[in-house]
Amino acid sequence: MASNSLFGPIDPATDAGYEAAPPRMGFFTDTSVCIGCKACEVACKEWNLVPDDGFNLLGQSYDNTGGLSANSWRHVAFIEQPARAHTTMPAAPQSNVAAARTDVRTGTEPGIGPAVDALAAAGTAGPEFLGMPMSDLPGRSGDGERTDFRWLMMSNVCKHCTHAGCLDVCPTGSLFRTEFGTVVVQEDICNGCGYCIPACPYGVIDRRQDDGRAWKCTLCYDRLGDGLTPACAKACPTESIQFGELDVLRERADARLATLQEQGETTARLYGEDQGDGVGGDGAFFLLLDEPEVYGLPPDPEVATKYLPDMWKRAGLAALGMVASAVVAFAGRRR
Amino acid sequence: MSPRGGDRPMVPRAQFRSYYGRPIVRPAPWREDVAAYLFAGGLAAGSALLAAGGQLTGRPAMRRAGRAGAMAGTLASTYFLINDLGRPQRFYHMLRVFKPTSPMSVGTWVLSAFGAAAGAAAVAEAAPMLPRRGTLGLARRVLPPVGSAAGYAAAGLAPALATYTAVLLADTATPSWHVAYPELPFVFAGSALASGAGVGLIAGPETPAKRMAVLGGGLELLGMHQIETGKGVLSEPYHQGRAGRLLRTGRALTLAGMAGAALGGRSRVVSALSGLSLLTASALMRFGIFEAGMHSARDPKYTVLPQRDRLENP
Ligand code: SF4
Ligand code: SF4
Numbered sequence: 001m002a003s004n005s006l007f008g009p010i011d012p013a014t015d016a017g018y019e020a021a022p023p024r025m026g027f028f029t030d031t032s033v034c035i036g037c038k039a040c041e042v043a044c045k046e047w048n049l050v051p052d053d054g055f056n057l058l059g060q061s062y063d064n065t066g067g068l069s070a071n072s073w074r075h076v077a078f079i080e081q082p083a084r085a086h087t088t089m090p091a092a093p094q095s096n097v098a099a100a101r102t103d104v105r106t107g108t109e110p111g112i113g114p115a116v117d118a119l120a121a122a123g124t125a126g127p128e129f130l131g132m133p134m135s136d137l138p139g140r141s142g143d144g145e146r147t148d149f150r151w152l153m154m155s156n157v158c159k160h161c162t163h164a165g166c167l168d169v170c171p172t173g174s175l176f177r178t179e180f181g182t183v184v185v186q187e188d189i190c191n192g193c194g195y196c197i198p199a200c201p202y203g204v205i206d207r208r209q210d211d212g213r214a215w216k217c218t219l220c221y222d223r224l225g226d227g228l229t230p231a232c233a234k235a236c237p238t239e240s241i242q243f244g245e246l247d248v249l250r251e252r253a254d255a256r257l258a259t260l261q262e263q264g265e266t267t268a269r270l271y272g273e274d275q276g277d278g279v280g281g282d283g284a285f286f287l288l289l290d291e292p293e294v295y296g297l298p299p300d301p302e303v304a305t306k307y308l309p310d311m312w313k314r315a316g317l318a319a320l321g322m323v324a325s326a327v328v329a330f331a332g333r334r335r
Numbered sequence: 001m002s003p004r005g006g007d008r009p010m011v012p013r014a015q016f017r018s019y020y021g022r023p024i025v026r027p028a029p030w031r032e033d034v035a036a037y038l039f040a041g042g043l044a045a046g047s048a049l050l051a052a053g054g055q056l057t058g059r060p061a062m063r064r065a066g067r068a069g070a071m072a073g074t075l076a077s078t079y080f081l082i083n084d085l086g087r088p089q090r091f092y093h094m095l096r097v098f099k100p101t102s103p104m105s106v107g108t109w110v111l112s113a114f115g116a117a118a119g120a121a122a123v124a125e126a127a128p129m130l131p132r133r134g135t136l137g138l139a140r141r142v143l144p145p146v147g148s149a150a151g152y153a154a155a156g157l158a159p160a161l162a163t164y165t166a167v168l169l170a171d172t173a174t175p176s177w178h179v180a181y182p183e184l185p186f187v188f189a190g191s192a193l194a195s196g197a198g199v200g201l202i203a204g205p206e207t208p209a210k211r212m213a214v215l216g217g218g219l220e221l222l223g224m225h226q227i228e229t230g231k232g233v234l235s236e237p238y239h240q241g242r243a244g245r246l247l248r249t250g251r252a253l254t255l256a257g258m259a260g261a262a263l264g265g266r267s268r269v270v271s272a273l274s275g276l277s278l279l280t281a282s283a284l285m286r287f288g289i290f291e292a293g294m295h296s297a298r299d300p301k302y303t304v305l306p307q308r309d310r311l312e313n314p
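Chains as they are written, first to last, in our numbering: chain X, 1 to 335; chain U, 1 to 314.
Don't read these hints as lab results, they were simulated from the structure.
Ideal Cβ placement from N, Cα and C applies to all residues, glycine included.
Careful: at least some of the hints might be erroneous.
Below are the BS3-like pairs computed for lysine-lysine, each with C-alpha atoms no more than 25 Å apart in a straight line [unchecked claim]:
#1 LYS313/X / LYS99/U
#2 LYS301/U / LYS306/X
#3 LYS313/X / LYS231/U
#4 LYS99/U / LYS306/X
#5 LYS231/U / LYS306/X
#6 LYS231/U / LYS301/U
#7 LYS45/X / LYS234/X
Selected chain U positions facing chain X (in silico; Cβ < 10 Å) [claimed, not checked]:
#8 LEU50
#9 THR78
#10 LEU81
#11 LEU138
#12 ALA139
#13 ALA160
#14 ALA162
#15 VAL167
#16 THR172
#17 TYR181
#18 PRO185
#19 ALA189
#20 VAL214
#21 GLN307
Can you build the whole structure from these sequences, using the hints too?
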């Protein structure tokens, strides 16, 4: 085993034995532009033929999925929070005409530019009626003072860890590292031992009840092989989910973070980007607007296997203790 | 479902934040088969050591009891291991790789090798029942030495069998198991010795079994004490609810068994009762530890607080 195989920065595909592996691919999920449409959840289910997760009303804002599970490989979290009125939004344009003339970029470079719908812009002069029980879009009227309420939304997914606990402990070799550096379950190998499930520091992978095997996001391994974008990223209308080479994504995320902080979003932070963290960095990382635990993420995850050499040592000592005890028990002349 | 009552999270507030009180790490999907598996494996390992000792020092009754215990433990643990798989008919997929990073893979191989040895040793006990002549007569002469070799082989593997399960639990993100990784192997080693001693004490009040009971029980109690008191908030699950009750009863029974072994003299009845007490204690300990870990995974508090602490006081 090479150094850093259990812990620290490393290129996982090369470490797994691939020669001339393609660049590591991953997701950057920028939660600051997520609108909570759940297109990613739906697209994932459609493409991967993932069964439903029950039809529940959870009373958790707009989240009726609950969390990632064997049957939900993308999960959109909704968090309602009280006042954070420390920032003001740039006053929003008063109409689509104005919108068409201003050039305020709101997403991650090189994300989608501001929408210019020429037809609609030509046809309207004032705020348009959207068929909703309000006459205007939030923040569009007034001087852009923020309300005392904010809504955080975040599309969660398997992190495709550099040091993946699930993969380390799988006793059948069902979980494997792909040439893209992602982590995938082989459904024809998995025997449902369930060990991967408590081993994941993020609580992602799960055993499917009626099927007995472990399931999770594959980062659309089948699509990647054909040079396609994973279904969720393809479906995301705001480019909150960005797919690409991990190195490129990391640069993009740094730039986006700088922009947000400039705009006064001091709570913005990257999560899972740091290769020095407890899992050697995530293949799918995030930009968050609050502490990770608010989104149901562990604040400082660590792969348990980091301590495995130590654990085997302790077990070895205990085993010696057992032998010694047995020797002591039988030592001496028979009485 | 998440631990929610009505629309209010049931976790203590203010000290940490969470997503609607939902768990962060996922509890193992294992049923209590796995706790039973831990006990049966320990029983097999302790019994194999007892059998080898009896064999070496010329105590046939102890050897027989030990071999029987090892065999029964192996059969039971194999059953529990397979029964808890999501796809039991694919059990043999465990044997397509050997992965040192997977304690379950290592353990499956250890259990397989141990099972073969313990099985051979147990079968060899049947030798005196075979006829003296013919092919079976040959077997009657060959079996005892084969059984001896197998018995020693099983004893050689026993310490690995008894302790790898501790690594299996600790090598997870389950907070109260993982944090206990330095002590857990000692607890399991002690518990295995105590249950092996239990088998020996049931067979008769012999000194080695008594010593093994005291040493094993002591190791188990010391280790458990560390885990129950030295892990800050992560010690909590070992005291609360069902886990707490199981562990407290287990401790009392271990103490009783140790006392009976140490002070019981030549009484067969006291010896057998001590043995039973130790066996029950070992089982209760495993179920208690299993349950404590599961509880620590279900409550996000045990994931968030220690990690926050690590971030804020590096
Ligand atoms: S997030 Fe969990 S399931 Fe995904 S790769 Fe990491 S350890 Fe495995
Ligand atoms: S449940 Fe399947 S994928 Fe998970 S560790 Fe066991 S064999 Fe591997």
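A quick look at each hint next to the structure:
For the hint linking LYS313/X to LYS99/U, the alpha-carbon distance of about 17 Å falls within 25 Å, and the restraint holds. Between the alpha carbons of LYS301/U and LYS306/X the distance comes to roughly 22 Å, so the proposed pair stays at or under 25 Å and holds. Note on LYS313/X and LYS231/U: the hinted pairing holds, with a Cα-Cα distance of about 20 Å set against a maximum of 25 Å. This hinted pair checks out: LYS99/U and LYS306/X have alpha carbons roughly 15 Å apart, not beyond 25 Å.
The hinted pair formed by LYS231/U and LYS306/X meets the criterion: a straight-line CA distance of about 19 Å does not exceed 25 Å. Between LYS231/U and LYS301/U, the direct Cα distance comes to roughly 14 Å. Compliance with the 25 Å bound is thereby established for this hinted pair. Distance check on the hinted pair: LYS45/X and LYS234/X sit about 13 Å apart at the alpha-carbon level, within 25 Å; holds. Restraint check, LEU50/U versus chain X: the minimum CB separation of about 8 Å is within 10 Å; hint holds.
The beta carbon of THR78/U is not positioned within 10 Å of any beta carbon in chain X (closest approach about 14 Å), and the interface hint is therefore violated. Checking LEU81/U against chain X: minimum C-beta separation of about 9 Å stays under 10 Å; hint holds. Annotation: interface hint on LEU138/U violated; nearest CB of chain X at approximately 32 Å, more than 10 Å. The beta carbon of ALA139/U comes no nearer than 29 Å to any beta carbon in chain X, farther than 10 Å, and the hint placing it at the interface is violated.
Restraint check, ALA160/U versus chain X: the minimum CB separation of about 6 Å is within 10 Å; hint holds. Checking ALA162/U against chain X by beta carbon gives a least distance of about 6 Å; that is within 10 Å, so the hint holds. Interface restraint check: VAL167/U against chain X, minimum CB-CB distance 5 Å, threshold 10 Å, status holds. Of the supplied interface hints, the one on THR172/U holds, with its beta-carbon coming within about 4 Å of a beta-carbon of chain X, less than 10 Å.
The restraint placing TYR181/U at the interface with chain X holds, with a minimum CB-CB distance near 5 Å, inside the 10 Å limit. Hint on PRO185/U holds. Least Cβ distance to chain X is approximately 4 Å, under the 10 Å limit. The beta carbon of ALA189/U comes within 4 Å of a beta carbon in chain X, closer than 10 Å, and the hint placing it at the interface holds. Among the interface hints, the one on VAL214/U holds; its C-beta lies about 9 Å from the nearest C-beta in chain X, closer than the 10 Å criterion.
This hint holds: GLN307/U has a C-beta 4 Å from the nearest C-beta of chain X, less than the 10 Å allowed.
Going through the hint list in order, the structure does not satisfy hints 9, 11 and 12.
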